Each structure stands twice: as C-alpha cells, then as structure tokens.
Amino acid sequence: MARILKILIPLVLILSAFKPAMSQLRVSVEDGLREPLPIAFAPFVTKNGASPNMGRDLADVAIADLESSRLFRAIDPSAFIQTPAAATIAPRFPDWRQINAQALVVGTVGNEPDGRIRVEFRLWDVLGEVQLVGQAYVTQRENWRRISHLVADTVYKWLTGEKGYFDTRIVYVAESGTADRKVKRLAIMDQDGANHSYLTNGRNLVLTPRFSPSRQEITYMSYAGRRPRVRILNVDTNQDETLGPIDGMTFAPRFSPDGDKLLFSAEQRGNSDVFALDLRSRRRERLTDHPAIDTSPSFSPNQREIVFNSDRGGTPQLYVMSADGGNARRISFGGGRYATPVWSPRGDLIAFTKIEGGQFGIGVMRSDGSNEKMLSQSYFEESPTWAPNGRVIMFFRRTPTDRKGRGGRSRLFIVDVAGGEPREIVTPGDASDPAWSPLSP
Amino acid sequence: MKLKSLAVICLGLLISACAASNDQAASSGSASGASAGSNSGQLSRDVTTTTSSTFAPGSQEELQASIGDRVFFETDRYDLSPEAQAMAGTWADWMKKHQNVQIEIEGHADERGTREYNLALGARRANTVKDYLTSLGVQANRVSTVSYGTERPDALGSNEEAWAKNRRSVAVVR
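Protein chains in written order, with our numbering: chain L, 5 to 445; chain S, 182 to 355.
I should point out that these hints are in silico values taken from the structure, not numbers from a laboratory. On a predicted model such as this, the values are computed, not experimentally measured, just so you know.
SDA-like mimics (lysine to any residue), calculated; alpha carbons at most 25 Å apart, straight line:
(1) L:K186 / S:A343
(2) L:K186 / S:V354
(3) L:K186 / S:R333
(4) L:K186 / S:Q241
(5) L:K186 / S:R355
(6) L:K186 / S:S325
Bound conformation, chain L alone:
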C-alpha cells in the first residue's frame, strides 16, 4: 500500500533543444464536442535489451490516457508510412501529413546497466515541422506505467496549454455483499484503474474518502466501534486516527487546499453543523450554528470562502460563506434539490449533485450560482470530484434495484466540464465515493 504512493522518478532530463515558439499547434479544451485532434503516437522503439513488449505497452497506456480526454484520437499504426524506428531518428514530415497526423510522438526504451529502464520521447508538430518537447526518464522497471502517464501529461500540456491529470490516483469505496448489507472497503488505484489495491479490510463500514493535497493522507468516515467518525489514514505509515473526542457523529470530511485544515460536519443532539479543524494546533472551530442541516463543506482554492449544503431554506441547497463562517448566502436557484458541492481547483466552478424530477445529475455552476450547466443525468449519481487541472469530473452512478435487491450496479464515470458523454472507469467490482488525488510530486 505504502509502495504505491511512494513511487519516485529518480531522474528527469529535459532534452528539448529547439524553440517550440514557432508552433501554432493547439487543441482547445473549451469545446469538448469538437472532433478529436488526430495524432500519431508511435510504439516506442526498444533497445539495449529492453523487452520487446515494453515499447508498445508504454505507448498504449499513454494513448489510452490521451484518448480518454476525448481531445485526441490516435491514428492506427498500420496506417503509418514511415517506420517508428526511422521517425525516432528523423521524422519525414510529409509522410505524417499524408495520414493527417497533426502531432507525432516517438520514443525509445532501453535497459540501463543498473537494471532500471530509460525512456526518451519527443513530441513533434507535424505541420510546423518543429519539436515541441523532448524528455528522458530513468526509473525502476515496475514503475513503467507512471512514465506513460507522465508522457501523456506532457503531451496534453503542450497541445492544450493546460496541466495534465494522468499521473494521478483515485481513492474510492469498493462495494460487495448484498444490497441491504453492503461490505465497503477503501480502495486505491491509478487514474486509469491500474495498480488497484485495498486500504481497509471491510470489517467496518467506510464512506467518503478524500485525499490530502499535501501529504500521503486520506480522510474518510468509518463506523469502527459502531461510532461513525471522521478518520485520517496515512497511506505510507498505515497510521489511522480519529479527530479526537467529539460527542456525536462526525462526517463529510474534506481537506483544505493547503492541506493544513480539515472541514467536516459534526452532529450534536441531531443537528449537523460545519466545523474546521486546524491539523497542526488541533484547534476546532465552529463555522455554522444553525438548526438546519449544514454539511458537505468545500473550500475555495484561495481558502477565503466555503461552499456547503444546507436545508435552512426548506430544501437542500448550496450556500457560500466566508472562511470564518460569516455571510452565508444561497447560490443555487435552478429548481430541485442540490447537494455535494465541490469547488474546482481552478476556482472558477462549483460541481454539485442535483435532484429533480426523480433523476439525479452532476452539474457545474459559477461560484456566484450563475451559468448552471448539467453534465450528466441518470437514476442515481452523486459525489463529484475534480481532476487536479479542473477540467474533468469523476462521480459514481448507480442503477435501480428490483424487489430482491438485484441490479444496483454502481460504477465510476468521468466527464469533461466542456461536455460529452460520461465514460466509465473500470473497477474490479461496484464502486462509489471516488476522490481524485492531486498531481504526484
């Protein structure tokens, strides 16, 4: 478990010797419904005794990342005119223009004397005939997938101008058992579903895990000892602690963007309010004091404001207040009930769940409540979580059950804030409550 979060890239070399300023090649992330940009992503050429499959696998994982964004389409290698080996030495640009490739990625993988692998790659602008970027990575062989994600992040960044999000992980709740007695375990995996492992054994009911933005920690809610409480789990050391002596249930935890505070709800005599805990001083501060339900708090990136869910107006709606708890004002006015607000890491949007007309949906609005836009809708879905670049949202969706509790398939999906059909992220079984990690350091 600890191993998975502690993979380090020992060396990153920047090979780029060319000036990329000449290139006009850009794909807009603002229009998710546009035709994907065709790119030629060649299988990496193997040398120095590297396994012949390694070069193809490295390319395939990066291609899957890029295509999952729906901004790119990889051209079938059988259409290539120039061989990858030749293109690695010097691309013959007319050959790549002929198959309509806008960008070309070539690379090599070879064994180092110490047993590690060395991966080099270059991204070319085919029309401008200019290298945009070239990088080399040296790492342990078992970390090869991370190299692919770093390559995909680099390509994404150079072609969109936005940070990538592929070298990230997801923590979520893996579900098994019967519909009335679900067994729930914390699970962690790479953003693309690989390197899957479990963090808890299923003995205690666990809910709503969320990553720390700054430490190898996950906060979640557990029914350990039949007392539902917020906990913090260090995934490196396995240290797992509650927040200290609080009477009543604590739930809906979420770290502050700087990682130094924890927002959560605490229930006292049946009433739920929002609190903040300073993780250094362990000082607890009450932020709301209202007889209505106040829950699901989430900081703005600058930590000046908090969006939360409250039914103080009669139905569950979204409210924004200042970080000290003052000046709460309602921002959701679209009709229906709203819940689970999460502030985008870019600060521009708030993702939410909306319940209207017997359907659940995931949407976004600006932080003043304007420009509401629904991205997905189904029988049941909730729990949006942002990719660290603020362009993509993951959530979970559950299908209805019949009278014997059959059905109820629960799965993770991602959707681009620009629009398009949600796409399933494959998990070994039923899944809920996903949370996206920050970019790996």
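Starting from the known structure of chain L, fit chain S onto it as the hints suggest.
For chain S alone, kept in the frame of chain L given last:
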C-alpha cells in the same frame, strides 16, 4: 444481520404478531393499536400475555413482536407523525416497565438522497425519537442514537414502497 435473523425467528414463532409488525410499514401506529388496544394500559397487558411464553421480558424480540420496533418518516422530513408518536409512546411505557433496558435509536434514510445529507437526516430522525422519549420521562442516558443514512436499507428495491419503509427510525435494545 441481527435484525434480519430476529425477524425470521419472529415469523416462525409468532406469525400473527409478526404480521402486525410488518403491517406497520404501511401505518406504524394503527397496526399496534389494532393488535394491542388503543391505550397503553391495555398494551402492557397484551405485551405480557403475548410474550410470557416466548420472549425474554425487555428483549429486542419482545419489542419487535409485541409492540413494533420502528417508526416512519416522509421524504426529507424528520418530524414524528401521530402514528410515530403513538409507537414511540409505547416504547416509553415499555422502557419504564423494564428499567434495565437501554436502547439505541437508529436513523435511516431512503436511497433518493446524497450520502452526506442522508447521514445528517438519519441523525435528525434518530434524535427526534430520542427527544420524544425523554419528553415522556425516559432518562436520556438510557437512549443512544446512531445514523446509518442510506447504508442499511430494510426493504429492497427501487420503488416508492421500499423507500417509505426505509425512511425510518428503529429502536434496538442494547
């Protein structure tokens, strides 16, 4: 799991009483009223006669079989209906009769809400019952509460009938 197996025992041993408690899914108070009479004095006698041969006095089995162990709520609501008040009133009488009994009130929600809001709603539903019991003279330290939100449905299925059965508070003898 515990509730489930108890319900099975109940079915085997006391079919009529169990049917009454199942009916409470539709109308919680009236079912107990019909089987046990309209005032609590009569109910207490009924408890004694029904359970003396079968269940330990003050046990969960007795509570389930002879009174009913749950009350129901409307969508997103946590106030007690007249039927729910009648049921909780019989719990209060029963607890006064069995002074050693400690109970936990579980608060539950249906599947048509988000997880965190439902946890808060379940806490409200549990605490409303606790407040009502203490208002009737039950000592507060004999009643604990826990919210399960939407995590422990009783009725299966994605339909109105199941949701109505799952919006509930359940009294569990500790």
